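Undergrad: Listed here are the chains, written in short residue letters.
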Amino acid sequence: MSGPGQRASAWEAQLTGFLTLFYKEFLRFWKVSFQTVAAPVLTALLYLLIFGHVLDEHVTVHGVRYTSFLIPGLVMMQVLQNAFANSSSSLIQAKITGSIVFVLLPPISYGAFFLAYVLAAMVRGLLVGVGVLLATVWFAELRVEAPLWILAFSLFGGALFGALGMIAGIWSEKFDQLAAFQNFLIMPLTMLSGVFYSIYTLPSFWQGLSHYNPVFYLIDGFRYGFFGVSDMAPQYSLAVVVACFAAVAALTLNLLKRGWKLRA
Amino acid sequence: MVAAVSIVDVVKHFGALQALAGVSLEIAEGEFFGLLGPNGAGKTTLISSLAGLVRPDSGMLKVLGHDVVRDFREARRSLGVVPQELVFDPFFNVRETLRIQSGYFGIRKNDDWIDEILENLDLTGKADVNMRRLSGGMKRRVLVAQALVHKPPVIVLDEPTAGVDVELRQGLWQFIRRLNGEGHTIILTTHYLEEAEALCNRIALMKQGRVVALDTTANLMAAHPGASLEEVFVRTLQQ
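Residue numbers (this note's numbering), protein chains in the order written: chain A, 43 to 306; chain B, 1021 to 1259.
Heads up, some of the hints might be wrong.
[Stated by the list, open to error] Here are the simulated BS3-like cross-link-like pairs (lysine-lysine), alpha carbons at most 27 Å apart as the crow flies:
id, chain 1, residue 1, chain 2, residue 2
1, B, K1159, A, K137
2, A, K137, A, K299
3, A, K299, A, K73
4, A, K216, A, K303
5, A, K137, A, K216
6, A, K216, A, K299
7, B, K1159, B, K1146
8, A, K137, A, K73
9, B, K1146, A, K73
10, A, K216, B, K1159
11, A, K73, B, K1159
12, A, K73, B, K1227
13, B, K1129, B, K1146
14, A, K216, A, K73
15, B, K1129, B, K1159
16, A, K137, B, K1146
Bear in mind the hints are in silico, worked out from the structure with no lab data behind them.
If you're wondering where the values come from, they're calculated on a predicted model, not measured in any experiment.
Bound-form chain A, shown alone (with noise of 0.2 Å):
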């Protein structure tokens, strides 16, 4: 009787169980784009279609006609929701289904784990994050005036909300829980952060308010690197952006360290 293929070497190993959950974990939502990719495109559009037919022609947001501006914050937004939906839906299905037993059972470590995980939910912002902007950028006139803000806020962006999404998915035990932490955290974090708006066109109150949401950092610089003009620095956005980063994926892999909630 013949033996397994190729064995490899402790880091090899490493390195190949950290890919294939990575490659599975990109074809589980690249089987179903239509529903993963394509919808939040359409959703999008339909946003910049009805805000920008109505706004377009009375708003003008740092010298940028509205639905110029508007295209940023709804690429930005979906980049978020789709990273932070790809690792929650994805741990959740396989906690509830019992399937999260094939990842458990390898050798695989909790650091090869996270970085699976949070590269494949940003692959899937970023994937949609494109098609927003391949989808809207025909309707307003779009500059580029800083690529590398743009990369780097994207990025950071999908990493962000991918680790955000594993510790949703790790905590919740059902849907329902699941759904809370989605609509009553990360919509209200995405929608009130200048999306649609700059935050200086609102009361003092909620302008201050507005500074201790990280998206709104992630928004204003992404921003940017379009029109080079925004409410802060971008040096100071991305530094914000990163020390959030740098909080939750610690906290992500001190809770796949102890195995909590997905070891007894």
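Let chain A serve as the given structure and place chain B on it in line with the hints.
TA: Same frame as chain A, now just chain B:
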């Protein structure tokens, strides 16, 4: 000689419930070992502790000398577990499922071995069928295949024939016997006591988180002349 499985004084509570009350057990390499007991005896908790799915409150578990906590990578690489629940990932077909499982264990290009497992478990014709479309018995076979995909030296089968037809059961045991003959250690939990009697060299009976009997199948039977294993099982548990 290193034991295939070494379990020393393992205790596990789930809240107020004591699932394992100081279990100690040693299983030699190459054994076909039966772990029997009524529902709630702690068999699955013990197996899950061995597999790293459950973290015991105290005690120590080793697979081929590798501590399941400190040296978890080697311990898990040495162990293949067929879970009791009929679980599957609905996104993939049978071959994808097995390739993915190989990759988790760090094995690439494993198709020759995967083909051999598929053939032995009579799954070759279902290789490209999505897991959702398989019958319960077929899904059970895939679970067995997933546990064998990295060819582990120690194989744990937690009720592998529950809900499985006679034909598959016989085919499965033929395959597992062959693996045992090639040196793989087999640990089996089952409610089919005639299977345990026919297959296992040694048996542990568990009750309320404790091992209440541990001996060779022959010795257990000899202690109750004329009795079947089922009768031995019932008498031992009543004591």
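Undergrad: Against the structure shown, which of the earlier numbered hints fail to hold, in ascending order?
TA: 3 and 12
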